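Novice: Protein sequence lines correspond, in order, to chains A and B. Per my numbering, the first sequence starts with residue 1, numbered consecutively. Per my numbering, the second sequence starts with residue 1001, numbered consecutively.
Quick caveat, the hints were computed from the structure, so don't treat them as lab data. Because the structure is a prediction, the values reported are computed rather than measured. C-beta: ideal position from N, C-alpha, C; glycine also. Some hints here could point you the wrong way.
Taking lysine-lysine and the DSS-like style, the derived pairs with C-alpha atoms no more than 30 Å apart in a straight line are [claimed, not checked]: (1) B/Lys1184 x B/Lys1257; (2) B/Lys1037 x A/Lys146; (3) A/Lys146 x A/Lys24; (4) A/Lys77 x B/Lys1038; (5) B/Lys1184 x B/Lys1044; (6) B/Lys1037 x A/Lys137; (7) B/Lys1152 x B/Lys1229; (8) A/Lys83 x A/Lys137; (9) B/Lys1086 x B/Lys1039; (10) B/Lys1238 x B/Lys1215; (11) B/Lys1039 x A/Lys146; (12) B/Lys1238 x A/Lys83; (13) B/Lys1038 x A/Lys86; (14) A/Lys77 x B/Lys1037; (15) B/Lys1160 x B/Lys1215; (16) A/Lys83 x B/Lys1038; (17) A/Lys137 x B/Lys1152; (18) B/Lys1196 x A/Lys146; (19) B/Lys1044 x A/Lys137; (20) B/Lys1229 x B/Lys1160; (21) B/Lys1122 x B/Lys1215; (22) B/Lys1249 x A/Lys137; (23) A/Lys86 x B/Lys1037; (24) A/Lys146 x B/Lys1038.
Some chain A residues close to chain B (C-beta under 7 Å, calculated; not the full set) [as the list claims (entries may be wrong)]: (25) Ala63; (26) Ser80; (27) Ile126; (28) Leu130; (29) Phe132; (30) Tyr133; (31) Phe169; (32) Tyr172.
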Amino acid sequence: MNIPVALFFEFLCAFSATRFLYSKQNGWWRHFIWFLTIVFIIDTTGYLFYLSRINNHWLYNIANFIFASFYTWVLYKINSTNKLMKRLLTGCQIIFSITYLFESIQSHFLEASRFSFIFNTIYIIIACCLYFYFLLKNDEYINLVKDASFWIISGLFFFELGSISLIIFSSYLVEINLKENINVSFAILNVVNFIFYGCWTYAFICKYRQTISSPS
Amino acid sequence: MQVSSNYIITIVVVITGIFLIVALFLLLYVNIYNERKKKYMEEKLLLQREYEQQLIQSQLEVREATFSELGKELHDNVGQLLNSTKLLIGITQRNIPDAPDTLFTADETLAKAIQELRALSKSLNKEWLQQFNFLENLQTEIERINSSNTIKIHFNHPQKIPFNADEQVILFRIVQESVQNIMKHAEANIINIEIKEDASFIQIIINDNGLGFEKNNIGIHGIGMLNMKHRTELLGGKINWESSMKGTKVTIQLPIKTNEA
């Protein structure tokens, strides 16, 4: 039986988001609280489906669309002063939504919309790289160790780069899992999720420190 | 062709591993570049400060040179004219048997004016400034002000202060500006000037019992305060104003430069 380690990381991250971002001063950052709570609930449900041998692809097909859209929105908010990034993210989100709907209708929402998610992963990776580029290009020095936005994007960057091969090879990996009972995706996702939620939890701590040290 | 499961698993694991390592290197690069940027900005700031200090130094040198020239002009030109006038009044007094009292008063006033002009000319003279002694000159300035009986200055100081003549001139101008500000605007009748010294710092505290001021309401007097700030920065020190309804306290803190540096 596969132990759902990622669920533990998700829970910790959702808990730290509630603990550190609850204050109204955190503005749009407070949306991480409900988002991570939903992620935890969906992944728990998905895991229970998996244990009960019920197909959970339809659940993740819908959930992943919400997750991917949230990541795009987070990138949009972090880069809200950069017009190019805003245009790029808006355009990509529209294309992603259309292709997702098209693919999902074709599969009657029962299968994962693989190409849409590959597209989503690629544009998020590009957006992360652009964020780093603009960060370096900026004349102003930012202490990255204490910068919450940097850690959010770093976590996302690790997550998307670490999970892209799982999306590309998803059909093979499902087949291997069914035939030989080797769940590669599960193992890799545990590692990637550890880095991802670790970065986000640290980002929430940075945001909290920033909020308590700045005047209201 | 049938692809083996192991082959697929290896490919997926290797690709994921490579991507994660690439991501790690990219983030390390971003961090290293950012730290370099910090170092570059610190160096730039340092250069900018040095440039500003040199600029202030030049401004002050030009100012001292102008003062010196003005002092010479006052002494050689206006001073000579006044002396000639005094001489003429003296001759007139001797030639007129019953000279009016106003002539004697004019003679006395003229003598006072010549004395003040000499003092002013002396204080503006560059050669004189090169052998400048801050404590002696401040003491003379205080005695001059105290003799006017409009304001009383108490001066408490150590035996000597560890600055060269140029630095002592700058320090003298700071204190002079502060005292003049009090006399012009504060409506105070007591000023206390205290100089304290410890191993690494000299602290000069000037306080008065005047009206005080609001920092947001300084107006054109802010230029004088800005000059004081620039001069203090030139000596590598800090200046601070604390004001209330009971008066103003100016604290100047200057580092003592050791020979090791």
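Novice: Next, verify each hint and record whether it holds.
Specialist: Structure-based check of each hint:
1. B/Lys1184 x B/Lys1257: violated (34 Å)
2. B/Lys1037 x A/Lys146: Holds, because 16 Å separates the two Cα atoms, which is no more than 30 Å.
3. A/Lys146 x A/Lys24: holds (20 Å)
4. A/Lys77 x B/Lys1038: Cα-Cα ~26 Å, so holds.
5. B/Lys1184 x B/Lys1044: Status violated; Cα separation ~40 Å.
6. B/Lys1037 x A/Lys137: holds (10 Å)
7. B/Lys1152 x B/Lys1229: holds (25 Å)
8. A/Lys83 x A/Lys137: With Cα atoms ~15 Å apart, A/Lys83 and A/Lys137 stay inside 30 Å; holds.
9. B/Lys1086 x B/Lys1039: violated (67 Å)
10. B/Lys1238 x B/Lys1215: Measuring from Cα to Cα gives roughly 17 Å; hence the hint holds.
11. B/Lys1039 x A/Lys146: Holds. B/Lys1039 to A/Lys146 sits at ~18 Å (cutoff 30 Å).
12. B/Lys1238 x A/Lys83: Judged against 30 Å, a Cα distance of about 43 Å means the pair is violated.
13. B/Lys1038 x A/Lys86: With a Cα-Cα distance of about 28 Å, the restraint between B/Lys1038 and A/Lys86 holds, given a limit of 30 Å.
14. A/Lys77 x B/Lys1037: holds (25 Å)
15. B/Lys1160 x B/Lys1215: violated (33 Å)
16. A/Lys83 x B/Lys1038: holds (26 Å)
17. A/Lys137 x B/Lys1152: The given pair, whose Cα atoms are some 60 Å apart, is violated under the 30 Å limit.
18. B/Lys1196 x A/Lys146: This hinted pair is violated, its Cα atoms lying about 41 Å apart.
19. B/Lys1044 x A/Lys137: holds (17 Å)
20. B/Lys1229 x B/Lys1160: holds (23 Å)
21. B/Lys1122 x B/Lys1215: violated (35 Å)
22. B/Lys1249 x A/Lys137: Measuring from Cα to Cα gives roughly 46 Å; hence the hint is violated.
23. A/Lys86 x B/Lys1037: holds (26 Å)
24. A/Lys146 x B/Lys1038: Roughly 14 Å separates the two Cα atoms, so the pair holds.
25. Ala63: violated (22 Å)
26. Ser80: A/Ser80 check fails; min Cβ-Cβ to chain B is 20 Å, beyond 7 Å.
27. Ile126: At about 13 Å, which exceeds the 7 Å cut-off, the nearest Cβ of chain B leaves the hint on A/Ile126 violated.
28. Leu130: Cβ of A/Leu130 sits 12 Å from chain B, so the hint is violated.
29. Phe132: holds (5 Å)
30. Tyr133: Because about 9 Å separates A/Tyr133 from the closest Cβ in chain B, which is outside the 7 Å limit, the hint is violated.
31. Phe169: It holds, given that the least Cβ distance between A/Phe169 and chain B is near 5 Å, below 7 Å.
32. Tyr172: With Cβ-Cβ at 5 Å, under 7 Å, it holds.
In terms of the numbered hints stated before, the structure departs from hints 1, 5, 9, 12, 15, 17, 18, 21, 22, 25, 26, 27, 28, 30, listed from lowest to highest.
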